[in-house]
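Please model the complete structure; the sequences and the hints are all you need to start from.
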Amino acid sequence: MKISDILAAKGRTVHSVLPWLTVGEVVERLGRLGVGAVLVCDENRTIRGIVSERDIVRALGRDGAALLDKQVSDVMTRHVSTCAPDETVAHAMARMTAGRYRHLPVMQGGELVGMVSIGDLVKNRLREMELETGVLRDAVIARY
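In terms of UniProt numbering, the sequence shown is numbered consecutively and its last residue is 144.
Any given hint could be a false lead.
[Unchecked claim] Restraint-style ranges between C-beta atoms, simulated for each label pair:
# : residue 1 : residue 2 : range
1 : Thr46     : Thr133    : 42 to 48 Å
2 : Glu130    : Glu25     : 23 to 29 Å
3 : Gly134    : Glu111    : 33 to 39 Å
4 : Thr82     : Arg54     : 14 to 20 Å
5 : Gln108    : Gly64     : 21 to 27 Å
6 : Met129    : Arg58     : 51 to 57 Å
7 : Ala139    : Thr22     : 22 to 28 Å
No lab work stands behind these hints: they were computed from the structure.
No experiment lies behind these values; they were computed from the predicted model shown.
For each residue, glycine too, the CB sits at the ideal point set by N, CA and C.
Dropping the structure here:
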């Protein structure tokens, strides 16, 4: 299974914000969209970082309520790992687990084409395991 298969099922929508938005504005957007992270991109859609709920909670512990008025560029994670659509789901899951991040932008030919979360990948893996279990169960039943 490839990342492109996940994108085909879930869609290629990527939510992003501009680096000068306030953390308060981004918190509102995360809640409204029901997502755990957004990319931080410039006017040309070039990725400058990613901001997740985890980034915001850590900064809240450090800065308190004043955090809400800071720019998102002050709290975003600047190093963003990406993957390609032809990367396997297993490889992407391993990288996300090792790197301890939950969102992976998908790039193709230098262009942003989607984003997957660890939840997307786990859900896919569970479907695969259920299918395998069903096939094995049917094979055992047919044998006896």
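Hint check results:
no., hint, verdict
1, Thr46 <-> Thr133: 42 to 48 Å, "holds, 44 Å"
2, Glu130 <-> Glu25: 23 to 29 Å, "violated, 40 Å"
3, Gly134 <-> Glu111: 33 to 39 Å, "holds, 38 Å"
4, Thr82 <-> Arg54: 14 to 20 Å, "holds, 18 Å"
5, Gln108 <-> Gly64: 21 to 27 Å, "violated, 41 Å"
6, Met129 <-> Arg58: 51 to 57 Å, "violated, 33 Å"
7, Ala139 <-> Thr22: 22 to 28 Å, "violated, 58 Å"
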